[in-house]
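Undergrad: Given the coordinates of chain A, assemble chain B onto it according to the supplied hints.
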Amino acid sequence: MGRVEGLEEVSLKPNLSHFTCRNNQLAFLGLQQDGFEDQVLEARRQYGAHRIGVLIGTSTAGILETEHAYQQKNPDTGRLPASFVPRGRYTQDAFSVAHFVRAYLEITGPAVVISTACSSSAKVFATASRYIEAGLCEAVVVGGVDSLCLTTLYGFSALQLTAPGPCRPCDASREGLTLGEAAAFVLLEKSPRNGNRQATALLGYGESSDAYHMSHPHPTGRGALLSMQASLESSNLSVSDIDFIHLHGTATVANDQTEDRAVSTMFQNKTPCSSTKGWTGHTLGAAGAVEVVLGDLCLQQGFLPGCLNTSTVDPTFSSQILLENQERTIHYIMSNFFGFGGNNCTLILGRH
Amino acid sequence: MEIFVHGVGVLGPGIENWDSCRNLFKEQRLYDNSVTPDPMPSILPANERRRSSEIVRWSLEVAQEAVHNSQLSPKDMAPVFASSGGEVGILHKICQSLASPVPIVSPTLFHQSVHNAAAGYWSIASGSQRPSTSLACYDSSFGGGLLEAATLLAAAQEKFVLFAAYDIPAPFPLNETRPLIAPFALAFVLGKQALPMSVSWLDITLLSEPMSKAPTTMTQPSLESLRLGNPAARGLPLLQAIANNLSTSVYLDFLDNLQFRIDHQPCRPSPD
Numbered sequence: 000m001g002r003v004e005g006l007e008e009v010s011l012k013p014n015l016s017h018f019t020c021r022n023n024q025l026a027f028l029g030l031q032q033d034g035f036e037d038q039v040l041e042a043r044r045q046y047g048a049h050r051i052g053v054l055i056g057t058s059t060a061g062i063l064e065t066e067h068a069y070q071q072k073n074p075d076t077g078r079l080p081a082s083f084v085p086r087g088r089y090t091q092d093a094f095s096v097a098h099f100v101r102a103y104l105e106i107t108g109p110a111v112v113i114s115t116a117c118s119s120s121a122k123v124f125a126t127a128s129r130y131i132e133a134g135l136c137e138a139v140v141v142g143g144v145d146s147l148c149l150t151t152l153y154g155f156s157a158l159q160l161t162a163p164g165p166c167r168p169c170d171a172s173r174e175g176l177t178l179g180e181a182a183a184f185v186l187l188e189k190s191p192r193n194g195n196r197q198a199t200a201l202l203g204y205g206e207s208s209d210a211y212h213m214s215h216p217h218p219t220g221r222g223a224l225l226s227m228q229a230s231l232e233s234s235n236l237s238v239s240d241i242d243f244i245h246l247h248g249t250a251t252v253a254n255d256q257t258e259d260r261a262v263s264t265m266f267q268n269k270t271p272c273s274s275t276k277g278w279t280g281h282t283l284g285a286a287g288a289v290e291v292v293l294g295d296l297c298l299q300q301g302f303l304p305g306c307l308n309t310s311t312v313d314p315t316f317s318s319q320i321l322l323e324n325q326e327r328t329i330h331y332i333m334s335n336f337f338g339f340g341g342n343n344c345t346l347i348l349g350r351h
Numbered sequence: 000m001e002i003f004v005h006g007v008g009v010l011g012p013g014i015e016n017w018d019s020c021r022n023l024f025k026e027q028r029l030y031d032n033s034v035t036p037d038p039m040p041s042i043l044p045a046n047e048r049r050r051s052s053e054i055v056r057w058s059l060e061v062a063q064e065a066v067h068n069s070q071l072s073p074k075d076m077a078p079v080f081a082s083s084g085g086e087v088g089i090l091h092k093i094c095q096s097l098a099s100p101v102p103i104v105s106p107t108l109f110h111q112s113v114h115n116a117a118a119g120y121w122s123i124a125s126g127s128q129r130p131s132t133s134l135a136c137y138d139s140s141f142g143g144g145l146l147e148a149a150t151l152l153a154a155a156q157e158k159f160v161l162f163a164a165y166d167i168p169a170p171f172p173l174n175e176t177r178p179l180i181a182p183f184a185l186a187f188v189l190g191k192q193a194l195p196m197s198v199s200w201l202d203i204t205l206l207s208e209p210m211s212k213a214p215t216t217m218t219q220p221s222l223e224s225l226r227l228g229n230p231a232a233r234g235l236p237l238l239q240a241i242a243n244n245l246s247t248s249v250y251l252d253f254l255d256n257l258q259f260r261i262d263h264q265p266c267r268p269s270p271d
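Chains as they are written, first to last, in numbering that gives the first Met the number 0: chain A, 0 to 351; chain B, 0 to 271.
Hint data in this document are derived by calculation from the structure and do not stem from the laboratory.
Just so you know, even glycine gets a beta-carbon here, dropped at the ideal spot from N, CA and C.
Derived lysine-lysine pairs resembling DSS-like cross-links, with alpha carbons at most 30 Å apart:
(1) B:K158 x A:K189
(2) B:K191 x B:K74
(3) B:K212 x B:K191
(4) B:K158 x B:K191
(5) B:K212 x B:K25
(6) A:K72 x B:K92
(7) A:K189 x B:K191
(8) A:K12 x A:K72
(9) B:K74 x B:K158
Pair by pair, the computed Cβ-Cβ distance ranges are:
(10) A:Q159 x B:R49: 23 to 31 Å
(11) B:E175 x A:S310: 46 to 54 Å
(12) B:V101 x A:P218: 30 to 38 Å
(13) B:K158 x A:G134: 15 to 23 Å
(14) B:A45 x A:L322: 44 to 52 Å
(15) B:D255 x A:Q300: 39 to 47 Å
(16) B:K158 x A:L322: 37 to 45 Å
(17) A:A253 x B:D37: 29 to 37 Å
(18) A:E8 x B:K74: 45 to 53 Å
(19) A:Q32 x B:I180: 35 to 43 Å
(20) B:T218 x A:L296: 51 to 59 Å
Bound conformation, chain A alone (with noise of 0.2 Å):
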């Protein structure tokens, strides 16, 4: 289990100390990482405030307050802690995690809180491409918020899909998933500030549904497909266009067989493609913003990531999966993104 060390400690600023839980601890340590909060502050004074949006992806926000408050709950009365009650608003909340962001870079645009499981930070992309379209925001803070709790935990566990060790994505003997706990944000705008031509470009995004099963992936991957096509056509990029594709590949068994069903149907094993869930663990409704910010630095940097802890590709795949990191430039990545309920979300990255 990928877990961030001392988030415990972590204190909010005080006037926002009543958000105080794992999750909104994990988005403001986030938050203050690589000179984010300097870039909301330089849109803010040039859009202002209200032209700003909030978008982030959780699946569970601050539900580990509400499992701790249920094992305080009062014997005679079976009352929850009165010191809980008030925060529930402010943690356990869907909401709480995008109205803590909104409070804390005191942005007062449009905000709302995307929940689609594993796909739900890929999802607050698509719509905040539709608000800036729409006109609503000249900006917008997109972001995915995950943090351990037991629900996810004991979850995922009865399903059996969490693997013993470190997840092996795409691997012949692959026992499940890793989960991992991240927040991850972007500032999404219509265009470069300051001329800054080399920024990294949401070109293109593609969205489903399975229309299969509650938890299960359709078979030959039907939802991941539409979702894929979707996205080369809002990207008007065409297959042979893709340098990478960042698969969903969480390592458990059906996940992995079926995108690589869906990818190779689309691809024919032309494409380079791995999964980064060794690296960072399953980090759910955060991998959407985890793995967009990683997408970003492999186009930077000219890296396409090989699958970490995978040793034997397995054979039954067909899609050509790396084991071996890889420098090269790259130009556009396709990243995959799949929850539970059938949802799927495929994002388009490239350079201007």
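TA: Structure of chain B alone, referenced to chain A:
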């Protein structure tokens, strides 16, 4: 953003469906909330209906009604499901179980616990493979869903959106953190173009200036309590405008500092 309403579904205490809601508004009857429905949407297969959560049944019931009234195929609609609390009943069961001496989460409860469970069951039951979004925005969840629906029509290739907003009170003791007055759900089938069955034309504007207008409220105190007591019921003033064929503007607060102005025009005269 200009959109058309092709179909409506609604469910709440004393409100069995869109017809009963329309009659309530048209006849200006006293709102009687004594009977709370127990929906069993026929679109769910019988085995799923039995084990489905209460909120799945509420949301699918209104979605199914709106689709039926639109006479369009659900397969052509992108679902937007908006709920503040989502699967509160399942969350309660899981937290109870995790607090027991032998903590456990059943596989079924786990996949039922995601915020997009209702939307997932809808896409399976309706066969729609269109993009499906599930979102939450606390008291503004109705507005957040409306915004998602409108931008899907304005800035994506979607022809039709099925927008459902729904919330139910959580079981004790979870309800103490978020006391909702009653369950409520509504759904609209929305599209870009006028069709023979279209009921209303809407023009949705997000006002980012400081709020100058008071939000549109309900005249009857019991309906106003419902509007304020359930995030999905923030849609009641719009339902009222549609029911009464009013050419009017509905004002809807969004988050703590924004507001929607929804200009409403009926597409056809009242049948009576």
